[in-house]
Amino acid sequence: MHYRSDFHIHSCLSPCASLEMSPVSIVQKAKNAGLNAIALSDHNCAFNLPGFAEICERHGMACLYGLEVTTVEEAHVLCLFDQLDSAMQLGALVYDSLPDVMNQPERFGDQPIIDENEEILGFAEKFLISASGYDVSALLKQVHALGGLFIPAHIDRQVYGIISQLGFLPDEPFDAVELTAYGDPALALDYPIVRNSDSHELGTIGKAFTEFEIDALTVENIRTFLARG
Numbered sequence: 001m002h003y004r005s006d007f008h009i010h011s012c013l014s015p016c017a018s019l020e021m022s023p024v025s026i027v028q029k030a031k032n033a034g035l036n037a038i039a040l041s042d043h044n045c046a047f048n049l050p051g052f053a054e055i056c057e058r059h060g061m062a063c064l065y066g067l068e069v070t071t072v073e074e075a076h077v078l079c080l081f082d083q084l085d086s087a088m089q090l091g092a093l094v095y096d097s098l099p100d101v102m103n104q105p106e107r108f109g110d111q112p113i114i115d116e117n118e119e120i121l122g123f124a125e126k127f128l129i130s131a132s133g134y135d136v137s138a139l140l141k142q143v144h145a146l147g148g149l150f151i152p153a154h155i156d157r158q159v160y161g162i163i164s165q166l167g168f169l170p171d172e173p174f175d176a177v178e179l180t181a182y183g184d185p186a187l188a189l190d191y192p193i194v195r196n197s198d199s200h201e202l203g204t205i206g207k208a209f210t211e212f213e214i215d216a217l218t219v220e221n222i223r224t225f226l227a228r229g
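Numbering of the sequence shown is given in full-length UniProt numbering, commencing with residue 1 and proceeding in unit increments.
A hint or two may mislead.
Said to hold, decoys possible - What follows is a list of derived Cβ distance ranges for each label pair:
no.: 1; residue 1: P99; residue 2: P170; range: 23 to 29 Å
no.: 2; residue 1: Q83; residue 2: G122; range: 22 to 28 Å
no.: 3; residue 1: N36; residue 2: G147; range: 18 to 24 Å
no.: 4; residue 1: C16; residue 2: E220; range: 30 to 36 Å
Calculated from the structure, these hints are not laboratory results. Ideal Cβ positions, reconstructed from N, Cα and C, are used throughout, including at glycine.
Using the sequences and the accompanying hints, generate a full structural model.
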């Protein structure tokens, strides 16, 4: 099956994202943009994944369950799973590792937890843009132990990319690296490349995407496809 995917989309849970980014609106916009596979990847938190999973099932949208984790080094990493429970496990570990710095909604924006009916269930209390307690190596081990894909995010950016934060691209068993829409492929060295929108608002969903030819949307199928180049 041919998948046209965007695996880096933030919901309204991320304080830097628009409040219009509810799971329902994200799925509807993704379908309108010609996507048939997406992932929700909020900052350091998985609280909106259950509602997202239900909406994707209702609308026949293939999906992965993600987080964009900020490491100790302040590098952003896309962590993707095909099992909701695994993503929720990582989400709990990462959220618990965040420092006890509470969000200030009037300054940074709200962090609402939304269900499949667009009802607000509550708010994430910790400030989700903080660095987690996981360094790159520890996070890599944890993600792979839970059966996920580990993809350093937007490595071509001057902030929060692994190259900008470390000064180099480490030789580690990353499953791929993510570039922005026009990022230079040479930066990826020998790693497989994915491109995603990193959408924080509805209008950018699908502006960058990756295509896969695989039997089903699973972590193992994606990993195998990427490894083939």
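How the hints compare with the structure:
1. P99 <-> P170: 23 to 29 Å: About 24 Å separates the Cβ atoms of P99 and P170, which means 23 to 29 Å holds.
2. Q83 <-> G122: 22 to 28 Å: holds (24 Å)
3. N36 <-> G147: 18 to 24 Å: holds (23 Å)
4. C16 <-> E220: 30 to 36 Å: About 32 Å separates the Cβ atoms of C16 and E220, which means 30 to 36 Å holds.
In summary, this structure violates none of the numbered hints.
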